[in-house]
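Hints are included, so try docking the two chains, each in its own frame, into the full complex.
Take a look at the letters that make up each chain.
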Amino acid sequence: MILETLGEFLTIPELGTVVVNGLAKSALYVMIASGLTLIFGLMGVLNFAHGSLTMVGAYLGGLVMVTAVGQATGSVTRLAVFFVAILLVFAVLTVLGGAIETTLIRPLYDRPPIYQILLTFGLTLVIDEIVRIVLGVFGMQPISDWQAALATKPQFLREPAAVVGISVRWLAVFQIVLGVATVVGIWAFLTKTRYGLYIRAGSEDSEMAAALGIDVRQVFTVVFALGIGLAGAAGTLLMWDATWGASVPLAAETLLPAFIVVIVGGLGTFRGTVVAAVVVGMTDSVMTWWFQNYIQFTGLPELVLFLVLVVTLIVRPQGLFGVEGVGGH
Amino acid sequence: MYHTLLNSPVQYEAEMLLPTVETMVGVLYFGLFAMSFDFISGYTGYLSFGHAAFYGTGAYTVILVANGKFPLLGPETPFMLSLLVAGLLAVVVALLVGLVSFRLSGVYFAMITLGFAQVLYVFIRGWDYVARNPRDGPAVGPSHASGFDIGVPWVDQLNLAIGVLTGDEVSLLGTTLSGTTVSFYMVGLVVLVCYFAMQRIIHSPFGRVMIAIRENEERAVAIGYNTYVYKLAAFCMSGFFAGIAGALFAGFRRSASPENSFYFLVSGDALLASIIGGFGTLAGPLYGRLFDETVREFLSKSGQGGGLLPYLRLLLGEGTLSTPVVGGMTVGGLIDTLLNGHASLYVGVVFVLFVLYVPDGLLGTIRNRIGGTFADALPAKLRDEEE
Numbered sequence: 001m002i003l004e005t006l007g008e009f010l011t012i013p014e015l016g017t018v019v020v021n022g023l024a025k026s027a028l029y030v031m032i033a034s035g036l037t038l039i040f041g042l043m044g045v046l047n048f049a050h051g052s053l054t055m056v057g058a059y060l061g062g063l064v065m066v067t068a069v070g071q072a073t074g075s076v077t078r079l080a081v082f083f084v085a086i087l088l089v090f091a092v093l094t095v096l097g098g099a100i101e102t103t104l105i106r107p108l109y110d111r112p113p114i115y116q117i118l119l120t121f122g123l124t125l126v127i128d129e130i131v132r133i134v135l136g137v138f139g140m141q142p143i144s145d146w147q148a149a150l151a152t153k154p155q156f157l158r159e160p161a162a163v164v165g166i167s168v169r170w171l172a173v174f175q176i177v178l179g180v181a182t183v184v185g186i187w188a189f190l191t192k193t194r195y196g197l198y199i200r201a202g203s204e205d206s207e208m209a210a211a212l213g214i215d216v217r218q219v220f221t222v223v224f225a226l227g228i229g230l231a232g233a234a235g236t237l238l239m240w241d242a243t244w245g246a247s248v249p250l251a252a253e254t255l256l257p258a259f260i261v262v263i264v265g266g267l268g269t270f271r272g273t274v275v276a277a278v279v280v281g282m283t284d285s286v287m288t289w290w291f292q293n294y295i296q297f298t299g300l301p302e303l304v305l306f307l308v309l310v311v312t313l314i315v316r317p318q319g320l321f322g323v324e325g326v327g328g329h
Numbered sequence: 001m002y003h004t005l006l007n008s009p010v011q012y013e014a015e016m017l018l019p020t021v022e023t024m025v026g027v028l029y030f031g032l033f034a035m036s037f038d039f040i041s042g043y044t045g046y047l048s049f050g051h052a053a054f055y056g057t058g059a060y061t062v063i064l065v066a067n068g069k070f071p072l073l074g075p076e077t078p079f080m081l082s083l084l085v086a087g088l089l090a091v092v093v094a095l096l097v098g099l100v101s102f103r104l105s106g107v108y109f110a111m112i113t114l115g116f117a118q119v120l121y122v123f124i125r126g127w128d129y130v131a132r133n134p135r136d137g138p139a140v141g142p143s144h145a146s147g148f149d150i151g152v153p154w155v156d157q158l159n160l161a162i163g164v165l166t167g168d169e170v171s172l173l174g175t176t177l178s179g180t181t182v183s184f185y186m187v188g189l190v191v192l193v194c195y196f197a198m199q200r201i202i203h204s205p206f207g208r209v210m211i212a213i214r215e216n217e218e219r220a221v222a223i224g225y226n227t228y229v230y231k232l233a234a235f236c237m238s239g240f241f242a243g244i245a246g247a248l249f250a251g252f253r254r255s256a257s258p259e260n261s262f263y264f265l266v267s268g269d270a271l272l273a274s275i276i277g278g279f280g281t282l283a284g285p286l287y288g289r290l291f292d293e294t295v296r297e298f299l300s301k302s303g304q305g306g307g308l309l310p311y312l313r314l315l316l317g318e319g320t321l322s323t324p325v326v327g328g329m330t331v332g333g334l335i336d337t338l339l340n341g342h343a344s345l346y347v348g349v350v351f352v353l354f355v356l357y358v359p360d361g362l363l364g365t366i367r368n369r370i371g372g373t374f375a376d377a378l379p380a381k382l383r384d385e386e387e
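Chains A and B are the protein sequences, given in the same order.
Going left to right, the first sequence walks through residues 1 to 329 as the numbering used here numbers them.
Going left to right, the second sequence walks through residues 1 to 387 as the numbering used here numbers them.
Pulled out of the complex, with its shape left as it was, chain B reads as follows (with noise of 0.2 Å):
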């Protein structure tokens, strides 16, 4: 698909809006560790600001079994296993951090979890074991020179590897899938498991409790629930996928570092995407992923990606740049000065006017509209039409 639209006459325009394959499987990781942060905090009404420890935990487990450096598990240890072992120990920390913060709530709860999660930033920060140099963080060594298998452990046909550049390719069909469009798929296929087992439980009778928690937690407690049960096994369910997400991510890219898995702005950005995409709707988050990512990577500097400033500067030509505007600096300096990698800028504007004027995000907008999920809508829709 990308392919195709980069071969045809709209070759710029369509480099420009659209997100590299590479990007895209950033999205899906990351919008798997945002719905696991909407799964919590949207649907029990729960900030958890520290929920970077978890993402964090499932990237450093992913490195260290990879390394052999992990207890019990050899460097030789298939990645769904050690996927799941990231959910399971990120479940640990969970249910840790869960035992006492969840005898706080509001603001008081956000605190404390960013608490715990910065202690551990610190920690890991500074730890001399996980990495050489743990300020810069682990990388998965040269002894597992060859990418992480997603599919069932131990049969080889049913494997692919992932990873930016030791994916397997595929031919199919006469067409052959590079090792990131590959990725892109497998790494999507366990962030579509995921999100179907998230969706499971928010539809269940306990996800029924985690609502009534959100929307009146007293009621909730006078009904009978012991609500603190309910919020801890969320917490961890909600750890779970987070640990996953982080595994995903250690996993394509190889290596992590304490910042971009367990500082606070992580959740930042992950708060970032339940926002815009839809505080409360379980897809929400990933949409608002894709649209964070697209708007970033539209604004940023080259690439393969296209993105805005190569597209304009190819548009106005070397005339035009090299005219003066003021004081001395260029059209080019000055689109340069403007958009080159400050991403940050518009997407902190944009994310501000959604918290003024379009609370519900993008996929709770548009449910509001059509009263309801897709799912419900169309066949409502299509019966009515029958009519």
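Chain A extracted, bound-state conformation (with noise of 0.2 Å):
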């Protein structure tokens, strides 16, 4: 029986959907992840505000959408409008990342870092709560998905796209497709420019780059405002995906897949973050395909993953390709 349905996941069609559903989910991953990675790499500052920031930029991207999109309004227009939703919410969490960093973590520094667990922990519980406050002024349903945010999908995005012989989402694509391009911005950013030299030298030794002359503190802002704003512009992409969704439970759904990806990865390494974003992804996809086909148990994806976590932990606490004494290791 076993060996059956093994046989029949390593045919063609069905592991190449489970490749592309997990390349999928590793893009999402990895566009949840990345503003994580930035802020714990450079600042040592674990932000458990990370998922509630993520699910306002959701609503945020979905406000847009909604507003923007009417029934008659083609394809390419909704794709445009859509980058421009990405690119508004991102500009607008930047500045709110900007303000919570000089306002409230930067009073912070001196102390022991469990302190920026526990501010962060708190903004969680107020972000969520306003967001509930407002929804209930427009009469929304917290809880549930916001599906008039899913409706202003383009309707080819919903189709299935038959490649060789593999059925796909044209979603998931489209999902592989901005994970890439986020990678490669994240990338060039961090390897390429002049604030991209002073993010890893801070990184590497803060207090070196300080006496070489460079600002940290004003770095440490905007690399905080920076991982703000790309929660949002992940949480904007999880607005059109059925499976997650603008919702507040989102914000926890986001923040422990993000923190697996980011530990498994080594903390504050962005090439760990991608890696691990691609296996947790591919372990998720391969597990949903073995619960749907296989194995009875309604968690098992998720199970899975904290067992990755765990397991990553107990042989490599520095995680794949982090470095040992960052995070109080």
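No lab work stands behind these hints: they were computed from the structure.
Cβ coordinates follow ideal geometry from the N, Cα and C atoms, glycine included.
Keep in mind that a hint or two might mislead.
[Stated by the list, open to error] A few chain B residues facing chain A, derived, Cβ under 10 Å:
#: 1; residue: S41
#: 2; residue: F49
#: 3; residue: V100
#: 4; residue: I112
#: 5; residue: Q118
#: 6; residue: V221
#: 7; residue: Y225
#: 8; residue: F264
#: 9; residue: L265
#: 10; residue: I275
#: 11; residue: A343
#: 12; residue: V355
Structure follows, in structure tokens:
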């Protein structure tokens, strides 16, 4: 029985679908986690509010889409509006992130790192509740997905794409493209720009960087702001995916996978985060397939993801590409 | 006390401000959980973010024993015994988690305990042995209709049952204590015993080593302490009390769900209580939880506990309530939107303010102010005045 299922799993159409879906999930994970890893790598702040800000991004993105898109809007226009929405959300949340860093996080740098965890944890409560209040004013349900935002998805993204016998959704392809673009964008920013140089220098040794005349405090603010902006952009992308969708519980749903990706990859390495996102995305996709076809246990993919986290921490505590000494280890 | 105030001239104010007895029972058992969280996190400095696993283990053990689904123990097992079993099972879980987790420190320790707890959470949510619908969690079945007894096992007259509706009523000196009030005292008794036990451990040489680990682990190692063993032992003790807390919770509520026992936000609530009450002060988390629950109930919609909203409605009267403010929204509607069930917002704001400006918490700050615990400061003060 298990061998039969394994045989079925290893056929080209099934495996191809699993791989493409896995890549799509990896793309989402890398988008969720990259902001978190940038912030942690440079500042040593484990941002518990990351998931909540992703959720805010999902709602803001949805808001832009719902106001700008009507029934008759064509697919191309919808896509264009979507990119405008991503940029807008990115900009708004970057400003918000900068404000949070300067007013709330900055006073805590000389305290033990636990206080930053505590503060951002408190922020999660506040942000989630504010969103609930705002939704309440507009008479929307906080728990269930925002259907109106989901409905702004262009028609062609809903249709399945069949390439050489592999059936996938166009949405998956779209997500992979955006994920790759994000990775390339961040990589170019980190390695090709002057600011990226500052960030890498600050991650390695912030005292030395400060001694060389870099305004580390300003770099901290910029990185925190950009990290939050990335969280928002990821949220906007999730808003179109029916398995995620814009809802208040999205905050916790994205925070935990983001932690897994960041820890498995190694705290503070962007390369590690990308590799870990692929590992986690693939694991998720494979386990989802096995759950649908063989093993009758509802939480299987989730369970295995947390096991990946635990096993990584036991076998290789610093993560796949992590350097020892980061994060109080 | 509560009822005296409710029959006094300030009854509306009292009803608005004071939490109900039922809430107070919750403060007790969750306070114990928060204390056990503080016992490991506040005293050794290792943030145990998966503490909910022990709470959940305790809660589920009690319900499974009562439903006869626990190996070797029948449904007629005395509650005190299943309480102990719940604690010991939590110790086993803590030992297994701790054995691997204490090789790590800092953020990594927090993350691996979180990981373990979430594995258990997802597992228990999908395991259909524990309940017919594991997502909703188990409840104590009809075969166990009466409340759970707290007292000396097998000595009938020394037992009193706890529970929201199933607790014993007691007639004492002409006044009748309701079931919930009895539960309050009985749960309080267990919590008090646990508190004294933890207090003893903290003030023993063992507790000194725990604090040494928090202050400077390398130096503790250099002096010759095997800190790994100390940390593991402290973690197991902490797990034990967390298990007891979970067992009390399940015994009083008679049901549990994965969301209110195993989920990582339950650990978050304990963290909240610890910080507000005072991190690294054993009694602090109880006060923190009391504060937290009072604010929550104060801002809740309605109910027996009163709260701000019904009070404002009563105070302002119908005329003011229906006055429009902005965009067709009335005063009543505005109050409703801003306050109704949104206590988390205000608790969160208070929490952030505490982290920023009162990092020692309520109890820690008071102790700093008076230069020691109440027990030390009060006699000293009295002595000074005599001289």
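Here is how each hint holds up against the structure:
With a cut of 10 Å, the hint placing B/S41 at the interface with chain A holds, because the nearest CB-to-CB distance is about 9 Å. With 10 Å as the threshold, the beta carbon of B/F49 comes within range of chain A, its nearest partner Cβ sitting at about 9 Å, so the hint holds. The interface hint given for B/V100 is met, as the beta carbon of that residue sits about 5 Å from the closest beta carbon of chain A, less than 10 Å. Checking B/I112 against chain A by beta carbon gives a least distance of about 4 Å; that is within 10 Å, so the hint holds.
The closest approach between the C-beta of B/Q118 and any C-beta of chain A is roughly 5 Å, which is under the 10 Å cut-off, so the hint is satisfied. This hint is violated: B/V221 has a C-beta 16 Å from the nearest C-beta of chain A, more than the 10 Å allowed. For the restraint placing B/Y225 at the interface with chain A, the shortest Cβ-Cβ distance is roughly 20 Å, beyond the 10 Å limit, so the hint is violated. For B/F264, the shortest C-beta to C-beta distance to chain A is roughly 8 Å, which falls under 10 Å, so the interface hint holds.
The restraint placing B/L265 at the interface with chain A holds, with a minimum CB-CB distance near 7 Å, inside the 10 Å limit. Interface restraint check for B/I275: the shortest CB-CB distance to chain A comes to about 6 Å, inside 10 Å, so the restraint holds. Hint on B/A343 holds. Least Cβ distance to chain A is approximately 8 Å, under the 10 Å limit. Interface hint at B/V355: satisfied, since its Cβ lies 5 Å from the closest Cβ of chain A, which is below the 10 Å cut-off.
In terms of the numbered hints stated before, the structure departs from hints 6, 7, listed from lowest to highest.
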